[in-house]
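The listed protein sequences correspond, in order, to chains A and B.
The opening position of the first sequence corresponds to residue 213 in the numbering used here, with each subsequent residue numbered one higher.
The opening position of the second sequence corresponds to residue -3 in the numbering used here, with each subsequent residue numbered one higher.
Take these hints with a grain of salt, some might be off.
Stated by the list, open to error - Derived list of chain A stretches under chain B, where covered just means 3 residues or more per stretch with a C-beta under 8 Å from a C-beta of chain B:
#1 263 to 270
#2 392 to 406
Unchecked claim - So, partial list: chain B residues that the calculated Cβ filter (under 10 Å) puts toward chain A:
#3 7
#4 12
#5 25
#6 44
#7 70
#8 78
#9 92
Unchecked claim - Label pairs and their calculated CB-CB ranges:
#10 B/80 / A/352: 43 to 51 Å
#11 B/31 / A/360: 37 to 45 Å
#12 A/413 / B/10: 27 to 35 Å
#13 A/303 / B/13: 35 to 43 Å
#14 B/53 / A/360: 23 to 31 Å
#15 A/219 / B/84: 43 to 51 Å
#16 A/366 / B/62: 26 to 34 Å
#17 A/308 / B/31: 41 to 49 Å
Calculated directly from the structure, the hints in this document are not laboratory data.
In this text, a Cβ means the ideal position worked out from N, Cα and C, and glycines have one as well.
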Amino acid sequence: MSANVNTALPLEYQTEQNRMNILGFWIFLGAEIILFGTLFAVFSVLSARYAGGPTPKDLFEIKDVMVETILLLTSSFTCGLAIYEMRRHNRNGLLLWFIITLLLGAGFVFMEITEFIHYVHEGATMQTSAFLSSFFVLLGTHGLHVSMGIGWATMVIIQILKRGLTPVTARKTFIIGLYWHFLDVVWIFIFTFVYLARMVA
Amino acid sequence: MAKNTKGFPLTHVLGFIMSLVLTFAALGVALKTNLPFKTILWIIGSLAVIQAALQLYMFMHMNEGEDGKSQIINVAYGFFIAFVTVAGSIWVMSFGM
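Next up, chain A with everything else stripped away, as it sits in the complex (with noise of 0.2 Å):
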């Protein structure tokens, strides 16, 4: 495991191992893509098929989308700096970031749920419609991911403050960090195909 070590390398690249895990976990996230792009492709086809239920111009509040996007990026820009904090070895730095992208994260899920309950409320279900079964598929997915990063991040938040940083956990957090960003890159085409897009058609 130690074989081919680095040090003139970041921490997170420092072991042959360390390099592996960062390599198959972009290709993991080749298939997240991938992933996405299925639930794209079935809102893209079935976005206009109302079945007499609400449309998106009835259901979406702008208001409420834009303060979700500020939030999950804003929550990237300061895993970033968790990140950045971690390659100048201050633990400290990075503990703050990360437990403050966390809190942006449990932002923007509190407002995902208020926004789907409303939803429900305005007899918007998925059962309604196939615009509104795609809708609740492709959007619930991109919840889950962001709820699961937010356990994982904890798991790995736990493992900082008990073993400190060394090569193996900075490899976990930078691993966490790709996955949040990418998390916020979803949310990009979400915001741009799905809410603008379904407003103005």
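Once you have looked at the hints, place chain B on chain A.
This is chain B only, laid out in the frame that chain A set:
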């Protein structure tokens, strides 16, 4: 490999500001203009792709590490397949409509 061991996280701050600008630009184009729907879709779609690339490069450092090239090729291929899936589905399912 980024050697930002001291100072100010300039790349991240720049990436964040540019992402905010792109987000609000998309919002403005979509809801405050009266352009045809297809034009709006092309503009906000391009803005989304630019913002995604910003995140991948400025936040995720996609091109970094000894496997930087493999990472770029892998993600680009993922986006290509996703695009083919979406565009192909729309194309096939819109026949006869």
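### Query
At a threshold of 10 Å, is the proposed contact between residue 70 of chain B and chain A supported by beta-carbon distances?
5 Å, holds
### Message
Next item in the hint list is residue 78 of chain B. Is there a CB on chain A closer than 10 Å to its CB?
### Response
3 Å, holds
#### Entry: Restraint outcome when residue 12 of chain B is required to lie within 10 Å of chain A by C-beta distance
4 Å, holds
### Message
Please verify the coverage claim for the stretch 263 to 270 of chain A: does it have three or more residues whose C-beta sits within 8 Å of some C-beta in chain B?
### Response
violated (count 0)
### Status of the given 26 to 34 Å range, CB of residue 62 of chain B versus CB of residue 366 of chain A
At roughly 31 Å between Cβ atoms, residue 62 of chain B and residue 366 of chain A fall inside 26 to 34 Å, so the hint holds.
### Task
Just tell me: holds or violated, for the beta carbon distance of residue 53 of chain B and residue 360 of chain A against 23 to 31 Å?
25 Å, holds
### Message
Is the interface hint satisfied for residue 92 of chain B? The criterion is a beta-carbon contact with chain A at less than 10 Å.
### Response
This interface hint is violated because 14 Å lies over the 10 Å limit.
### Hint status (Cβ of residue 44 of chain B to nearest Cβ of chain A, threshold 10 Å)
4 Å, holds
### Task
Identify whether the interface hint at residue 7 of chain B stands, where standing means a beta carbon of chain A within less than 10 Å of its own.
At 8 Å from the nearest chain A Cβ, residue 7 of chain B passes the 10 Å test, so the hint holds.
### Query
How about the stretch 392 to 406 of chain A: do at least three of its residues have a C-beta closer than 8 Å to a C-beta of chain B?
holds (count 9)
### Message
Taking 27 to 35 Å as the stated bounds, is the beta-carbon spacing between residue 413 of chain A and residue 10 of chain B within them?
### Response
At roughly 33 Å between Cβ atoms, residue 10 of chain B and residue 413 of chain A fall inside 27 to 35 Å, so the hint holds.
### Task
Take a look at whether the Cβ-Cβ distance between residue 80 of chain B and residue 352 of chain A falls inside 43 to 51 Å.
Once the Cβ atoms are compared, 24 Å apart, the range 43 to 51 Å for residue 352 of chain A and residue 80 of chain B is violated.
Going down the numbered hints, you'll see the structure goes against 1, 9, 10, 13, while the others check out.
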